[in-house]
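Residue numbers (my numbering), protein chains in the order written: chain A, 130 to 245; chain B, 19 to 129.
There could be a bad hint or two in this list.
Cβ-Cβ distance ranges computed for the label pairs, FRET-style [as the list claims (entries may be wrong)]: (1) B:Asn71 - A:Ser144: 51 to 59 Å; (2) B:Tyr57 - A:Leu243: 16 to 24 Å; (3) B:Ala35 - A:Cys142: 41 to 49 Å; (4) A:Gly145 - B:Lys85: 47 to 55 Å; (5) B:Ser70 - A:Asp194: 19 to 27 Å; (6) A:Thr209 - B:Asn71: 19 to 27 Å; (7) B:Phe128 - A:Ser144: 21 to 29 Å; (8) B:Gln88 - A:Leu245: 41 to 49 Å; (9) B:Arg78 - A:Lys193: 47 to 55 Å; (10) B:Ser38 - A:Lys195: 36 to 44 Å; (11) B:Ser70 - A:Ser212: 42 to 50 Å.
Taking beta-carbon pairs under 10 Å as the criterion, some of the chain A residues facing chain B (in silico) [claimed, not checked]: (12) Lys171; (13) Thr186; (14) Tyr235.
Because the hints were derived from the structure by calculation, they are not lab data. Computed from a predicted structure; not experimentally measured. Backbone N, C-alpha and C define an ideal beta-carbon position, used for all residues, glycine too.
What follows is each chain in one-letter form.
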Amino acid sequence: GAVVSQHPSRVICKSGTSVKIECRSLDFQATTMFWYRQFPKKSLMLMATSNEGSKATYEQGVEKDKFLINHASLTLSTLTVTSAHPEDSSFYICSAILRWGSETQYFGPGTRLLVL
Amino acid sequence: QKEVEQNSGPLSVPEGAIASLNCTYSDRGSQSFFWYRQYSGKSPELIMFIYSNGDKEDGRFTAQLNKASQYVSLLIRDSQPSDSATYLCAVPGGNTDKLIFGTGTRLQVFP
Numbered sequence: 130g131a132v133v134s135q136h137p138s139r140v141i142c143k144s145g146t147s148v149k150i151e152c153r154s155l156d157f158q159a160t161t162m163f164w165y166r167q168f169p170k171k172s173l174m175l176m177a178t179s180n181e182g183s184k185a186t187y188e189q190g191v192e193k194d195k196f197l198i199n200h201a202s203l204t205l206s207t208l209t210v211t212s213a214h215p216e217d218s219s220f221y222i223c224s225a226i227l228r229w230g231s232e233t234q235y236f237g238p239g240t241r242l243l244v245l
Numbered sequence: 019q020k021e022v023e024q025n026s027g028p029l030s031v032p033e034g035a036i037a038s039l040n041c042t043y044s045d046r047g048s049q050s051f052f053w054y055r056q057y058s059g060k061s062p063e064l065i066m067f068i069y070s071n072g073d074k075e076d077g078r079f080t081a082q083l084n085k086a087s088q089y090v091s092l093l094i095r096d097s098q099p100s101d102s103a104t105y106l107c108a109v110p111g112g113n114t115d116k117l118i119f120g121t122g123t124r125l126q127v128f129p
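Please put together the full structure from these sequences, using the hints given.
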């Protein structure tokens, strides 16, 4: 099946620092990846759609200068949380589409971010 | 704006019973429907998807789609405590690649 990995699985950082999260498709090439955020006991919130070789499309209310997304290859997308603050502490999950035109999303295991 | 609605639950069923999870959607043009399971503290995992009206079975799971009434259901037969999780319904977001997720129904299967 389609395997998506994320690294790191959890990270603790100090307020004001930047954190990079990697999302990789391990056994397929993903032209499109998605980044979600989920607060405890809340529903998934789509942050942005990441397309290989082009700028990410951000959802309304998501600051693109704070959440930098780079999709430089067909197997890797990165999310950088810049100048992180405690309110950015959350569960960040990426997903990928198996092939162009497919609607099925396969999720990575998620990254738990804690900003002190 | 497409909407997907689910009862947040929790839905409590005894072990061995059938759990029935329901989802309604607003866009009559939706063609495909997805069910994901999310355990507490974990990311969602795909259970199944359905495109055609009627039932689709996969092991203990059956997805039921009724396009006329705009609802899709997930039945879990012989429910096990390990089925206790939040179940998310999703439909494609129209002209984009994204999925529109419901808020999820929390299922509790008690021994």
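Going down the list of hints, with the structure as the test:
1. B:Asn71 - A:Ser144: 51 to 59 Å: 52 Å, holds
2. B:Tyr57 - A:Leu243: 16 to 24 Å: About 20 Å separates the Cβ atoms of Tyr57 of chain B and Leu243 of chain A, which means 16 to 24 Å holds.
3. B:Ala35 - A:Cys142: 41 to 49 Å: About 45 Å separates the Cβ atoms of Ala35 of chain B and Cys142 of chain A, which means 41 to 49 Å holds.
4. A:Gly145 - B:Lys85: 47 to 55 Å: Taking Cβ atoms as reference, Gly145 of chain A and Lys85 of chain B lie about 51 Å apart, which means the hint holds.
5. B:Ser70 - A:Asp194: 19 to 27 Å: Violated - the Cβ-Cβ distance for Ser70 of chain B and Asp194 of chain A, about 44 Å, lies outside 19 to 27 Å.
6. A:Thr209 - B:Asn71: 19 to 27 Å: With a Cβ separation near 44 Å, Thr209 of chain A and Asn71 of chain B fall outside 19 to 27 Å, so the hint is violated.
7. B:Phe128 - A:Ser144: 21 to 29 Å: 42 Å, violated
8. B:Gln88 - A:Leu245: 41 to 49 Å: 46 Å, holds
9. B:Arg78 - A:Lys193: 47 to 55 Å: Violated, since Arg78 of chain B and Lys193 of chain A (Cβ atoms, about 43 Å apart) do not stay within the stated range.
10. B:Ser38 - A:Lys195: 36 to 44 Å: 41 Å, holds
11. B:Ser70 - A:Ser212: 42 to 50 Å: Given a distance of about 49 Å, which is inside 42 to 50 Å, the answer is holds.
12. Lys171: Since the shortest Cβ distance to chain B is 8 Å, the answer is holds.
13. Thr186: 8 Å, holds
14. Tyr235: 7 Å, holds
Violated hints for the displayed structure, listed by number in ascending order: 5, 6, 7, 9.
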